[in-house]
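Trainee: In case you want the letters, here they are:
Protein chains: 2
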Amino acid sequence: MTYCLSALVDAGIVFASDSRTHAGVDHVSTYSKMHTFAWDGERVLVLLSAGNLGTTQAVLRQIDLDLADEGVDDLRSLPHLHQVAEYIGRLSLRVQQGLTSGGMQQSVSFEATFILGGQRRGLAPEMYLIYPQGNYITSSPEQPFFQIGETKYGKPILDRIVQPSLSLESAARCALVSIDSTMRSNLSVGPPIDVLLYSRDSLRIDRRLRLKTNSPYFMSVRKQWAAGLKRLFEDLPPFDWERQTGQLTLDTSATGPAGPTERE
Amino acid sequence: MTYCLSALVDAGIVFASDSRTHAGVDHVSTYSKMHTFAWDGERVLVLLSAGNLGTTQAVLRQIDLDLADEGVDDLRSLPHLHQVAEYIGRLSLRVQQGLTSGGMQQSVSFEATFILGGQRRGLAPEMYLIYPQGNYITSSPEQPFFQIGETKYGKPILDRIVQPSLSLESAARCALVSIDSTMRSNLSVGPPIDVLLYSRDSLRIDRRLRLKTNSPYFMSVRKQWAAGLKRLFEDLPPFDWERQTGQLTLDTSATGPAGPTERE
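Just so you know, the protein sequences line up as chains H and L, in that order. Heads up: the first sequence begins at 0 in numbering that gives the first Met the number 0, then just goes up one per residue. Heads up: the second sequence begins at 0 in numbering that gives the first Met the number 0, then just goes up one per residue.
Where hints are given, some of them may not hold.
Using 30 angstroms as the maximum straight-line C-alpha spacing, the simulated DSBU-like pairs for lysine-lysine come out as follows [stated by the list, open to error]:
(1) H:K229 - L:K222
(2) L:K229 - H:K229
(3) H:K211 - H:K229
(4) H:K222 - H:K211
(5) L:K222 - L:K211
(6) L:K211 - H:K229
(7) L:K211 - H:K211
(8) L:K229 - L:K211
Keep in mind that the hints were calculated from the coordinates and are not lab data.
Chain H with its partners taken away, still in its complex shape:
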């Protein structure tokens, strides 16, 4: 599995991804899932990939071939980012169809999902989620983040924290916490973590980090978060009976197979 996410805030876009790939529980290896395409001052594109590694690599190869080829649509020439999203969806679908059309019934899935984000000069930063079927959606102020791969473990913290007014650095920290929670709960997501901060209107890739498990910054975030959560947890309000053990206000009468009495 994989875990990649991106968050579009007023200050720009944050991208983050893990680097673990595997076939079953064997063949575990390390691949970056973050792919950058930047023409400084003109356009910056970041592509995050999840799914079948053969498919995503084939899509990336075709992207490079098209960039080298005159007279075909490519990442640099397509005017709008939604056209780039459509183009990537088309490539992905073509690769998948090529793999399945051979007539071999396969139990493996060739599907791949992408997050595309970036900015073209003169337009606002944009972010797209591209489905295996080739269609895509864009973000909104109510849905300022996208996730692909093993998304559920790391979603609650994003739901609670990410909003457009967040600073780029805070969004990056939130992404790190989300990935840390996922790595703790799921073996198939692993370091190193790629983090990229794109500042709105900079039209260049300003900051890209690769954090290993023992990177001092990542370690300090993980440690402080874990310790803070424990403290926070210990400070949660006590139940009534912990406060005043003589005076229970709670139902303690349930002693048989009867259900609860209160319903809504």
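Position chain L against the provided structure of chain H, taking the given hints into account.
Mentor: Just chain L now, kept in the frame of chain H:
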């Protein structure tokens, strides 16, 4: 969907479950998924259910019928809890086979998963996870909690907090936070929340709560957790460049389609 969990700590067992059931996005209704069977001073059993509501209700009916019937295995007469787990697995499998053996090809799943926990006089508290296939596993100090249903959103906090030395009340608060995170991220899990605290060797059901969204205690936990997380998040260590903007220690040179340079 459903979300139920249980945690076995030195002080006893905590059980918690949501109450939302649905068929598709329609037919949303409220059912308790927590079923208690207590013979004070003799044995206490708690059953949490997830999956097909028809299957779990059929299993519960059969449990009641067997309890009323002389001369058959039942929840009260089976000497060991692992035998009770096996018995419930058998009932569940029989119900599912009855539904599928009619020859009708169905796109729905009749599967059900259960958590069984409790204590028999003279033995330690025990906890079992019963799979749809009828087999089951027990907990261990390294795996002191079980989850069924929509489990991923609420797992990171359990991974971080639950351990055998936790008090019963702390384990219950952790369960509430885990359910709260799940409800925020997934519509198919909803209130009211059933929480049951079983104190080791009490051999009776001491405390059972039913918390609605607006229950003062649940509200205060949710609120304090949400506010604390935000604070904790804001206090995370700053990136190097936030500390000393003149002195960047990070790679800011990536400007083309090149991948990261550092690898592990």
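Trainee: Tell me, which hint numbers fail for this structure?
Mentor: Hint 7 alone not satisfied by this model.
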